[in-house]
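Keeping the supplied structure of chain A fixed, place chains B, C and D upon it in accordance with the hints.
4 protein chains.
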Amino acid sequence: MLINVGIIGATGHTGEVLIELLLNHPNVRISHLYNSGKSLPGEQVISEVFPKFKNRLDLICKKPDWPEIKKDCDLIFLALPHTVSMNFVPKLLSLGKKVIDLSADYRLKNTSVYENLYKATHQDKNNLKTAVYGLPELNRAKIKSAALIANPGCYPTCAILSIAPLLALDLVDTDSIIIDAKSGVSGAGKKLANEYLFSEIQGDFRAYKVNTHQHAPEIDQVLSKVSGKKVQVTFVPHLLPIERGILATVYLKKACGYKLKVKNLVELYKNFYKTEPFVRIKPDGVFPRIKDVAKTNFCDIGVKDFGNKIIVIGAIDNLLKGASSQAVQNMNIMYKLPEATGLL
Amino acid sequence: MLINVGIIGATGHTGEVLIELLLNHPNVRISHLYNSGKSLPGEQVISEVFPKFKNRLDLICKKPDWPEIKKDCDLIFLALPHTVSMNFVPKLLSLGKKVIDLSADYRLKNTSVYENLYKATHQDKNNLKTAVYGLPELNRAKIKSAALIANPGCYPTCAILSIAPLLALDLVDTDSIIIDAKSGVSGAGKKLANEYLFSEIQGDFRAYKVNTHQHAPEIDQVLSKVSGKKVQVTFVPHLLPIERGILATVYLKKACGYKLKVKNLVELYKNFYKTEPFVRIKPDGVFPRIKDVAKTNFCDIGVKDFGNKIIVIGAIDNLLKGASSQAVQNMNIMYKLPEATGLL
Amino acid sequence: MLINVGIIGATGHTGEVLIELLLNHPNVRISHLYNSGKSLPGEQVISEVFPKFKNRLDLICKKPDWPEIKKDCDLIFLALPHTVSMNFVPKLLSLGKKVIDLSADYRLKNTSVYENLYKATHQDKNNLKTAVYGLPELNRAKIKSAALIANPGCYPTCAILSIAPLLALDLVDTDSIIIDAKSGVSGAGKKLANEYLFSEIQGDFRAYKVNTHQHAPEIDQVLSKVSGKKVQVTFVPHLLPIERGILATVYLKKACGYKLKVKNLVELYKNFYKTEPFVRIKPDGVFPRIKDVAKTNFCDIGVKDFGNKIIVIGAIDNLLKGASSQAVQNMNIMYKLPEATGLL
Amino acid sequence: MLINVGIIGATGHTGEVLIELLLNHPNVRISHLYNSGKSLPGEQVISEVFPKFKNRLDLICKKPDWPEIKKDCDLIFLALPHTVSMNFVPKLLSLGKKVIDLSADYRLKNTSVYENLYKATHQDKNNLKTAVYGLPELNRAKIKSAALIANPGCYPTCAILSIAPLLALDLVDTDSIIIDAKSGVSGAGKKLANEYLFSEIQGDFRAYKVNTHQHAPEIDQVLSKVSGKKVQVTFVPHLLPIERGILATVYLKKACGYKLKVKNLVELYKNFYKTEPFVRIKPDGVFPRIKDVAKTNFCDIGVKDFGNKIIVIGAIDNLLKGASSQAVQNMNIMYKLPEATGLL
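Each protein sequence line maps, in turn, to chains A, B, C and D.
One point on numbering: in the numbering used here, the residue at position 75 of the first sequence is 81, and numbering is uninterrupted.
One point on numbering: in the numbering used here, the residue at position 22 of the second sequence is 28, and numbering is uninterrupted.
One point on numbering: in the numbering used here, the residue at position 24 of the third sequence is 30, and numbering is uninterrupted.
One point on numbering: in the numbering used here, the residue at position 23 of the fourth sequence is 29, and numbering is uninterrupted.
If we strip away everything but chain A, and leave its shape as in the complex, we get (with noise of 0.2 Å):
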């Protein structure tokens, strides 16, 4: 099989890193590359963009051109910014086209927290009902038949996958939850801003939107749903002094009558993800470490019982499991391919 695809939103860090994916994927041509239409320069070799692109993908990337798009892409991937996305969005699926969005736009099914987390009207809430949420872990079946792919953020993805078996089964207080977050710098992407220069980041360590961060209403969306009841997350991120991979360290209390229910924590997060090819659950007093994770799709997590807390540590590489390659896992479960291809 080959799937012909186009990226919108090339440019970018997650469009860079899709890149990189899509060349080594055997099932993927990509056909053509994009960027928001509202770029300038216009049109740009990608090879000029990203120079370690030369000799292996010289494409244009120029802006949407839909007669083309219509007639070349079987499958868009848009790596564009948050409220850009859903400009596009309807049409593309009148087209007939699938669609992958990693930018929040179809992420929170609530569009008033929508609008007040990203400072904009939601221009497409009749897509917004249908979109799949997609982290394969919890919603494989219906990302297999989606037409729209919502792509989980990056913190939401390693805490969510760290906490769902305890919330699952009914384990901890869903409204003492702690998420202590801490992540790589090209989680902010390519944004050329002060705090964002070497010289401010290295030796650096740093809180920033200290339980604001846009990514707590995407967590407690999901895992209200996983446990059947509103949760409500604390959640504190900080900016390490590398560039790739986010390491969460969650704070649980047990809920009473826990006792009764589990004998090992770590065989029954072993248990939950047990047919998962991408989530590896650490032996017991082991923690999971970035570097093991990085330039891969896969979420590490070790979990240890401590009386009457929990504590639960999760690492994923935020540009691939958390954006770009479970953008890939996501398009291999909606055209039935192995879901590793390309991954491994």
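Heads up, some of the hints might be wrong.
Note that the list lumps identical chains together, so a pair holds whenever it fits in one copy or between two copies.
Stated by the list, open to error - Each computed BS3-like pair below joins lysine-lysine, with the alpha-carbon atoms no more than 30 Å apart:
1) 68 to 276
2) 148 to 315
3) 215 to 69
4) 150 to 276
5) 60 to 276
6) 125 to 315
7) 148 to 60
8) 135 to 301
9) 150 to 196
10) 301 to 215
11) 269 to 215
12) 131 to 76
13) 260 to 310
To be clear, the hints were calculated from the coordinates, so they are not data collected in a lab.
For chains B, C and D alone, coordinates are given in the frame of chain A:
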């Protein structure tokens, strides 16, 4: 005033930093440098161990020479490994010398806890009783007249200063304090181990000693005294890919009756530390970063109210306020010098 | 076609990278992993040595098993320390296996130079004679039919590719070539030594083995052959605070009669490498950077004319084009596969 | 003695470092901080620009106030961008103030070279004539009585100190000097540009302004004076993924008649710099590293004889000996203070 200072353990990481500080101190003469007496080679010119001291300090570091110490030194800094310091202290005190011990040997009043953590029998329970925990912000009066200072650990310094105001005023639950701490690599000293190689640390981030670190009982001991209740914190340290600095993110639950007491947390912290030269409280909604405290003796603290939770973030330089410059601050207090001498 | 591959020395740095590459190669099955036979512990699951391989490759790495090698392997990669490989090669060749040796043991044709540099008597002078130096850009024809490949060193790969066009056309003096090279830390493998600790490397930069590095004679040997004259370069390597990558800045003096021959240096280089899939020449006035070649098999080269001088800058990934991916490129050539298979 | 100091350009990188140094200087009072007069916002508390100065220096940085300068300041440091300083110097000198200019405006005696490099007409050719190049090791006598100091550039300081002894004694060819220099990112100041983002610098290394850097003419001018012959160096700077420090590797060819003159290069260098407090010569075969000079005013130099070639390696902290601490050293000389005051 001129204080004649000797350092035992001068070739380690804290020794190196201590020398740097004392070279800049207008009231100190570094009289002698010693190793533990068991190091090989027996004698080394300090500027050959640390070439950066060339032309600044070319003293020989040798095994301790008791007659020389007796004759030449007023104060001895012990920059020795844990379990080694306690073999030197009794004799130094008997010679009438003041001692500032940077190891853990005299920090924990409960010797069974100490012996369990450090796998060694305590050799000097007598002096342990009178040793003063050298955290100036809590113990300044006792430090003034102390002969033996137990200089605090790096994590405890950061955690205790971040939490003490809330416990002193009985504002938070004492049994649900979570400290998610992150430290630069120098916290591990100069240990030659695979896990501290550049290739292992660079680009990585991980937790270690999850809720089993030896600094937790030190934090518990001091906070219990501040609070008047038994405190047992959840403490998870992580390893940052930077050389220097600690940032601790602390999650606390408000105690019952909280609302009656507090209007403004930032003001409360500012007031608690209002006469402290080395604690800086951030404005509301602003949190500290490691860059601002690295290479200084400052502890920066940010605190914010989130409904039934409080989040406090503290930052210090682990080698300075968390070790060597705090030792100098203690020396200044012991000798009635202006407390910031040599430290700004 | 399926090549059954064995790796001896699988737990080292180049072994690790080689496994990563071979897992992605469509024509390779990793049949067996071996250590040098002298390692402790004797047997290890490779995914316990390198947790990132968990769920991807869970083979046991054990001491070499000759009957098994005879039966199961077509090709053996030797990722062993220098002076160790030569103890394995004779037997492997006698079993009719193809061998790609990533050590220095078969690179230097002059054994007295080898023995002086590596402090060991050469054990296999016989096979040394027929070993082919595996730099595809210069030796492709011989590689095709070779049984034993001496895979080039990292610095030599970068330096030789940067200089060869000028020497092949007799354009520069052969006795005043200066190579100022800078390498990431992984060049030193996983050596446990104080100088490779994070605290020593981070924030530092230094030269080492100034004009005495063991790769200089390898460069001299190959360039002398290209030039037809005796070449002896000045070679100063430096240690960069990064994990991967080499950049070499080369200073050359034009030979007499230069002007008669050359109009455009960039075109000359492009022409020299015009059929090479993994050498990319930068436009005039543009020079390469490590970021663009890291994690690839490419060598990027920039060259510029400065009056009587020429400056050439080359960049590769020391672990890939400078070691493991170049070994795979050699394998592809030996097995008549498209040369870029598994490498783009 | 108390020197009342003003800084114009206090919010830049060298301004920040200068403040740090002057806060530790026992004979300095920082009277006023000014911006260039064109900055927005007009007034800022310096400890809000640099939170690390909180509680140490809370002065307001505002636009230059001439009556205030006249009344309160003895000496003005200009930490302004190139082409801006020369607009301030004439008035400051006319008010009888001493001036140390950290920009390039008064370094190059040949204004056509200056104007070509900095794309600006020189506004103050008059004072340019009497400005003293503030490299104490070469110009101490003139600095003592100077009113206007042109503080040297970072690369020139490192390169000139590394080469001067050989040229002063006529030991090397003046037309084949190659300087391969590597600098930390702070050399670029706090420029907000994509190329200085953490994600671009971390893990990368590259050359820039290959043989076209504006510091080459400064090096040529000073070395020509030392040598008495016209010197034109080949100079290639590179960007290191560290914050601070320069290391320059210099390749030189011995002049005819060399052998008659020199027995021991290391002794020759030690002798040349024997009264210098801030130049340290390494033992034979040992070369400097950036770690040993970072955060100091030292220049470390290693030199070695290789047949007809000499290799010299020098290292400094680009922000200190290459900028701000050299400025303080110059101030100490101008005010007849012990030269190392506030610098050790």
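Right, here's what the structure says about each hint:
no.	hint	result
1	68 to 276	between (46 Å within a copy, 28 Å between copies)
2	148 to 315	neither (34 Å within a copy, 37 Å between copies)
3	215 to 69	neither (34 Å within a copy, 34 Å between copies)
4	150 to 276	within (24 Å within a copy, 47 Å between copies)
5	60 to 276	between (42 Å within a copy, 14 Å between copies)
6	125 to 315	between (38 Å within a copy, 27 Å between copies)
7	148 to 60	between (38 Å within a copy, 28 Å between copies)
8	135 to 301	neither (33 Å within a copy, 41 Å between copies)
9	150 to 196	neither (32 Å within a copy, 44 Å between copies)
10	301 to 215	both (26 Å within a copy, 26 Å between copies)
11	269 to 215	between (37 Å within a copy, 23 Å between copies)
12	131 to 76	within (23 Å within a copy, 65 Å between copies)
13	260 to 310	both (12 Å within a copy, 26 Å between copies)
Comparing the model with each earlier hint shows violations of hints 2, 3, 8 and 9; every other hint is respected.
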